[in-house]
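Peer 1: The residues making up each chain are set out below.
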Amino acid sequence: MRIRALTVRIIRQFVRDKRTLALLFLAPLLVLTLMNFVFNGREAKPAIGVVGLPQTVETRLSQAGADTAVYGDFAQAEAALKDGKLDAVIRMDGGAPSVLLEGSDPSVSRSVMLTLQKALQADSSSAAALHVDYLHGKEDLSTFDSIGPVLIGFFSFFFVFLLAGVAFLRERTTGTMERLLATPIRRSEVVCGYLAGFGLFTLLQAMLIAWFSIDVLGLYMDGSIWLVLLINLLLSLTALTLGTLLSSFAGSEFQIIQFIPLVIVPQVFFSGLFNLDTMNEWLQKLSYVMPLYYGADAMRGVMLRGEGLADIQADVWVLLGFSVAFALLNVVALKKQRTI
Amino acid sequence: MPTKMSDYLHQKGGLLLSTLTESARSSSVEIDGLRRSFGERAVLDGISLRIGRGELFGLLGPSGSGKTTLIKLVTGIDRADAGEVRLLGEKMPKLAMLQRFGYMAQSDALYNELTARENLLFFASLYRLSGRKRQERIEAVMALVDLTPHLNKPVAAYSGGMKRRLSLAISLLHEPELLILDEPTVGIDPALRQSIWKELAALRDGGTTIILTTHVMDEADKCDRIALLRDGRLTAVGSPDALKAESGTQTIEDAFIALGGGAQR
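So the protein sequences, as listed, match chains A and B.
Quick note on the working numbering: the first sequence kicks off at 1 and runs consecutively.
Quick note on the working numbering: the second sequence kicks off at 1 and runs consecutively.
It should be emphasised that the hints constitute simulated quantities derived from the structure, not laboratory data.
Backbone N, C-alpha and C define an ideal beta-carbon position, used for all residues, glycine too.
It is possible that part of the hints are untrue.
[To be verified] Just so you have them, the derived chain B footprint on chain A, three or more residues with Cβ under 8 Å:
{"#": "1", "stretch": "11-20"}
{"#": "2", "stretch": "330-340"}
[Claimed, not checked] FRET-style restraints, in silico, Cβ to Cβ:
{"#": "3", "chain 1": "A", "residue 1": "G321", "chain 2": "B", "residue 2": "T148", "range": "49 to 57 Å"}
{"#": "4", "chain 1": "A", "residue 1": "T173", "chain 2": "B", "residue 2": "S26", "range": "37 to 45 Å"}
{"#": "5", "chain 1": "B", "residue 1": "G52", "chain 2": "A", "residue 2": "T173", "range": "51 to 59 Å"}
{"#": "6", "chain 1": "B", "residue 1": "T148", "chain 2": "A", "residue 2": "A325", "range": "43 to 51 Å"}
{"#": "7", "chain 1": "A", "residue 1": "E253", "chain 2": "B", "residue 2": "T148", "range": "32 to 40 Å"}
{"#": "8", "chain 1": "B", "residue 1": "D241", "chain 2": "A", "residue 2": "A325", "range": "53 to 61 Å"}
{"#": "9", "chain 1": "A", "residue 1": "G321", "chain 2": "B", "residue 2": "D218", "range": "55 to 63 Å"}
{"#": "10", "chain 1": "A", "residue 1": "L229", "chain 2": "B", "residue 2": "A42", "range": "24 to 32 Å"}
{"#": "11", "chain 1": "A", "residue 1": "G175", "chain 2": "B", "residue 2": "R79", "range": "13 to 21 Å"}
{"#": "12", "chain 1": "A", "residue 1": "G251", "chain 2": "B", "residue 2": "D241", "range": "57 to 65 Å"}
Input sequences plus hints: build the corresponding full structure.
Peer 2: So, in structure tokens, the structure goes:
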């Protein structure tokens, strides 16, 4: 009954607070949409200057997807490269083709090299064409498709962490927590009430984000939507319990913000957005203490590789474990407010 | 406050307590050798005090003298480093005892986004009131503090005085036999202060024990007994008249200075 009263109160407060509702529900959609535009843009055509090469080579380069421009001499082409009009210049140098890359953006350099390779491979057309199939994903899988699952998990985590932390803190700084604890409510009932009240909005948020990114943004999706929702909900619960727990150690809203570089940002690095294979092995192990690592792993498994519950159950258990542990710690941390 | 309910509680309390000691029967709060320090600083030291049933008892002292800390120890929100507190015969802190007293904190701990009714519903449910009973109690306490017309207004639209009265109404919801109020009239205009005191006197006459803190000297005159608190120590306890007589002064303010050891440290 007390838990229900607390849950109802939190829901009522939430519904009155339109800005916070907007932050919880619209902000993740906005950021995901922007991310989609940034990472889903069609591959830019590399601009390649051609100096003294046969016409056939230039045609092949165009066919391979390059914007080609023919220059009379190398100095001219080099000037164009310096002006930023070209990404690379190709010429014959002592009988062999030689490439000068602009080089400041590795992704552009890679794209130039890829195009050149394609053009040169087409040269040896005698060899049988290589047939390519994909175990997971598809040929035109974009960067956004690949990092999208991680981003969905991250935004659920981040916004819920922030809101839960601030809400729980505000209850303390406005004195209502002290008042609340002067009633016969148990500390565990306080934590459960918060979990239930915020959990509801968290669930709605998880559903909205998943639906939006898959159906509206067209994120690549190979697995079950229910598993995506499950993982998202678990991630949000972890964020909720962690946020309320850490808010016990913050004195103001500003100090909650200070937890972001300490708690949130490191998780982003270890979440699988960046490849960690080259990192020091014991540093890699740090990811084992980061909830987002498990969430991102499961999300990618389901969305990109179509994994089932059996494949991701380890992640599910770990996330559940995090939530339970943080919630219990929170019950203990409330002793700071009331000793019984 | 309906007199009948308090009478009932008194009868019931009397029966239960008949087996207990004489002091427990007549005291609602017993404090023995209480000490509480934060770090090196002792905020309360050597506090011993008896507060009788049905008394309107004032804790008087300047800010920083330890009034709120003492209140927190009595309510069981905080734990003492030494000594003990018995509330209605039970050793504190004890969770079940939080049901037995009403509490009004120094700051108005209200949810501003919610209406007065929603605030009352929430706290009533925490005290396990439900259904018709809850509805009746909400109406009764709002009538008592004269806020019935504002029941469905959001608290954010309340004035400071209205918030204070709503806080008082919340503390009365579950008809507690003991009321603990931390600075109930701070920041309230004189007319309203008078009306709150009238309500408190009516509650006391209905049999409710009331303990309150104040740093306003003329309010202390309205209490049955007062305790003077200074730098974490009790300097005197007694009725306002007795304290004035003891110190040979005309006002509580003078008595406070005389009994508190003269000039402040």
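Peer 1: Sort out which numbered hints this structure fails and list those numbers smallest first.
Peer 2: 5, 10 and 12
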